[in-house]
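Chemist: Here's the letter readout for the chains.
Number of protein chains: 10
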Amino acid sequence: MPDSRDLLETFENQFPDRDYKIEIVAPEFTSVCPKTGQPDFATITFSYTPDKFCVELKSLKMYLQSYRNEGIFYEHVTNTILDDLVATVRPRWMKIEAAFNARGGITETVSAQFASAM
Amino acid sequence: MPDSRDLLETFENQFPDRDYKIEIVAPEFTSVCPKTGQPDFATITFSYTPDKFCVELKSLKMYLQSYRNEGIFYEHVTNTILDDLVATVRPRWMKIEAAFNARGGITETVSAQFASAM
Amino acid sequence: MPDSRDLLETFENQFPDRDYKIEIVAPEFTSVCPKTGQPDFATITFSYTPDKFCVELKSLKMYLQSYRNEGIFYEHVTNTILDDLVATVRPRWMKIEAAFNARGGITETVSAQFASAM
Amino acid sequence: MPDSRDLLETFENQFPDRDYKIEIVAPEFTSVCPKTGQPDFATITFSYTPDKFCVELKSLKMYLQSYRNEGIFYEHVTNTILDDLVATVRPRWMKIEAAFNARGGITETVSAQFASAM
Amino acid sequence: MPDSRDLLETFENQFPDRDYKIEIVAPEFTSVCPKTGQPDFATITFSYTPDKFCVELKSLKMYLQSYRNEGIFYEHVTNTILDDLVATVRPRWMKIEAAFNARGGITETVSAQFASAM
Amino acid sequence: MPDSRDLLETFENQFPDRDYKIEIVAPEFTSVCPKTGQPDFATITFSYTPDKFCVELKSLKMYLQSYRNEGIFYEHVTNTILDDLVATVRPRWMKIEAAFNARGGITETVSAQFASAM
Amino acid sequence: MPDSRDLLETFENQFPDRDYKIEIVAPEFTSVCPKTGQPDFATITFSYTPDKFCVELKSLKMYLQSYRNEGIFYEHVTNTILDDLVATVRPRWMKIEAAFNARGGITETVSAQFASAM
Amino acid sequence: MPDSRDLLETFENQFPDRDYKIEIVAPEFTSVCPKTGQPDFATITFSYTPDKFCVELKSLKMYLQSYRNEGIFYEHVTNTILDDLVATVRPRWMKIEAAFNARGGITETVSAQFASAM
Amino acid sequence: MPDSRDLLETFENQFPDRDYKIEIVAPEFTSVCPKTGQPDFATITFSYTPDKFCVELKSLKMYLQSYRNEGIFYEHVTNTILDDLVATVRPRWMKIEAAFNARGGITETVSAQFASAM
Amino acid sequence: MPDSRDLLETFENQFPDRDYKIEIVAPEFTSVCPKTGQPDFATITFSYTPDKFCVELKSLKMYLQSYRNEGIFYEHVTNTILDDLVATVRPRWMKIEAAFNARGGITETVSAQFASAM
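Protein chains in written order, with numbering that gives the first Met the number 0: chain Z, 0 to 117; chain D, 0 to 117; chain W, 0 to 117; chain X, 0 to 117; chain B, 0 to 117; chain R, 0 to 117; chain V, 0 to 117; chain S, 0 to 117; chain C, 0 to 117; chain E, 0 to 117.
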């Protein structure tokens, strides 16, 4: 698993008084299956309500690319990406859904959610 | 950011006793990215319940066109359009969703909402 | 605005003891814009729970056709059609949604609802 | 209206301890309009939670075919089919939706629901 | 009915502190109708929140393939698969939906759900 | 097989000097399988270039309805309809395509064509 | 039939040395059935290669609107529109396709073509 | 490879004087990969012009089911089915297209054709 | 009309011995209507067979953006873009199709083609 | 560019007397842009008529994966893959189409073809 959390950058949310929603769809995620060495492909959808910070899109792209040659399981990568984004962006609420391409005729989608204790 | 709020015009709501909903979809919004100078494109969807006024569609079109050559970020433009419409139309409730075209293979949609204190 | 409410006919609801739902989609509605004189086109969707009466479909079609050459605004026509149907059919609940074709690249949908005081 | 309720057959629900849902879609329903003598066509969707019995699919098909040359109105046929199925299958909950093909450019869908007093 | 529950394998859930959701879609399920001997085809969708274990995808595939030449009814197979997965994976919550291909022009979908007593 | 050719009516083609094309789609055709007695359903598409006559649409509808309770095979009904229309309308060219709904998971479409010896 | 050919306007083709194609889709055509008095609706598609002139779009729109309250058959209106456009625009080649909405569950599309004797 | 050609039955073509086309789509074909033992799934489309015989649909279904537990490669099964049908039905022309479900993220479609020497 | 042809850049075709095809779809083209001052939007599709040069994609994007605030008609802009690309890229064959968004409910697509005299 | 042609394996075509077609769709191709270092994604479609050999699908998959971290332009990779497959499989005819995901809002598809001198 890459130590890539540092790649994520944020910028200041200019409308902190309003609870609004940002949805980001990244359909070109790819990593490697740790068991077979075969590439995995997924569409990752992020939804969140920013508090003080928003995630900078280009840095998010670079962060996601850091998994390109990493061996990591579906459930692990989804929860790790959520952890990294929550630690960096500190949103009021965040949800991540990773829809992986079919393998052996079977498709898996993993979704995980964070809500601040506020 | 354009001082274009004055472009918005309203007409009197003839059914103020009924809570009804108006949805407007404007798929030809374009502004400019302030960092790269490249054009951005979005579909903006407005939903609201009118109180005393409805927004006049042609003036809304001219208002949206005033962003054509302005450099402004996704989150900023969405929240500013909501502020301008709320100030002018004074709806009972309003929601704005701006779905921007993919950049670098990644798509972002920003949505923000207003509810009157009534 | 046509005095066309009289065109609407009803028949007796044979299952008044059950709360059930009727949905009617009329995609060929056309009227005229009172400002420009240009034709407007809409798909109108009716949903209701009948009480003692159901609306007769052929009479509803003739009623909608009475707007063909009338100049009337989006919000006005939607609320007027709701008023006419509620007065004639006296439903337990009724909703009308009028989705107008794009004008100047912008689409508007108006929806209004009635609930009896029962 | 055919005396066709007897055509419906059931088999024993083998999982009566679990509240589960069965959805059946029958897109080839046809009857006759009692006013014009013209054929009507509909897709009928059944959803229910079985109690002691499930409806046998082939018998349901024969039951639906018994309407082929019967003159019956949209609202009447939908509520009658619900009554017949509830009387025979005695479900915990059942919903029927009949979506009729367009006539005169207008489409009607009737939906009715049953919940046992348990 | 095959004694195939033993084919199912699990791996440890590495994020047991978080309630997250896994959805698996298996569109190539096939069994045999016990009455006619004709093959049945279905898409089976699993949704669950793991507790201590996740289901291993390759073993799930082998488990589903064990029904290939078994004669079993729609309602029976759906509930049995749910029972086998709940017994093996012990999820916090699980739902199974089996959408069978049309037979005689009629389509049936069976869905059943489990929630732990926690 | 009904003796229904007489139901077909024509009207005079007012543009006989121009080779133009008429396409008619009739999605509500139904007849009966002569082997099983079960109803069949099809969408029938007619394409033709009129010579002296065009087929009258309402009479075509009545003609197609005359098959409602007739037992007739896919290939037979398609070729017979072509024969009846060619004999009545005497087109310069005509093609008929009958796309039958799936039976036993298998779909059949029959298409036949006529060209005048002119 | 309206004497509306005079409504059509043209502008000079600035690229007469090149054979290029213009396709225009007008989905909001409406006229009246001369037999029943009921409105008809169609999408009309024009394709042509200009010679000295192109058709001006706004005038084409006004021309098509002149049929709004005229009683005229499908085949007649299609061929008449082709005649009017060929007489006014004098294209090298032109095709018109009028796809009318379903009536009595049956849809008709008429298409006619012109090629200059050059 | 099964010796299943004998399962195919034909009936007499009643319109041998006309060259017409029959298209059959069978979306529920399944066989077994001879290398991995895993099931394969395909949609098989047959197109042909009958000479003296048409293929009987139910026998075609039984013939296709005879591959259910046979190990056979994509190219082999497609060409063998074509050979069997040509030998039995003796069509004027026949084409077979077998579109197999994705394996390892890669999809293969094999199509082969026969034309009689007439 | 901008003097923007100089913005186009090319790179050397490394496979000049093979006639192959490149298709480029640019869905974010926008210019201004010279009559109304209103923005126009189009999707422009380029197809060509390179000879010695291929068009560089980023320079094509900048070239297309140079029309953003220019007033130019549909037919003019399409033919001018073709002229500019042919002069710069010198392809063996090139086709351009510009599909403009609906205005007044009417959509226009212009397509023009070039073939070298080779 | 990888020296990966050796990864491709073939098996013997068992039906060399028949000209038939194989189409393979590989939607998970990814390489790297040599200018920006950013990943590119494409769907590659192969069509060919085998002579003595067919390409083995698993080896094709490994061959395509060898480009995962290679920097190579769209036109180059498409033509190189065609060269490698023609050299290894020696087909009677082969076509390759590589449809790359949008970059900067612009999509490019490259297609190249080979025909043997037979």
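Worth flagging that the hints you see were computed from the coordinates, not collected in a lab.
Since the model is a prediction, treat every value here as computed from it, not as a measurement.
Watch out, some of these pointers could steer you wrong.
Stated by the list, open to error - So the derived list for chain E, only partly shown, Cβ under 7 Å to chain C, looks like this:
#, residue
1, E74
2, G103
3, T108
Backbone N, C-alpha and C define an ideal beta-carbon position, used for all residues, glycine too.
Chemist: For each hint, tell me whether it holds in the structure or not.
Modeler: Taking the hints in turn, this is what the structure says about them:
At its closest, the beta carbon of E74/E sits 6 Å from a beta carbon of chain C; the interface hint therefore holds under the 7 Å criterion. Taking 7 Å as the C-beta contact cut-off toward chain C, the hint placing G103/E at the interface holds, the least distance being around 5 Å. For T108/E, the interface hint holds, the least distance from its beta-carbon to any beta-carbon of chain C being 4 Å, beneath 7 Å.
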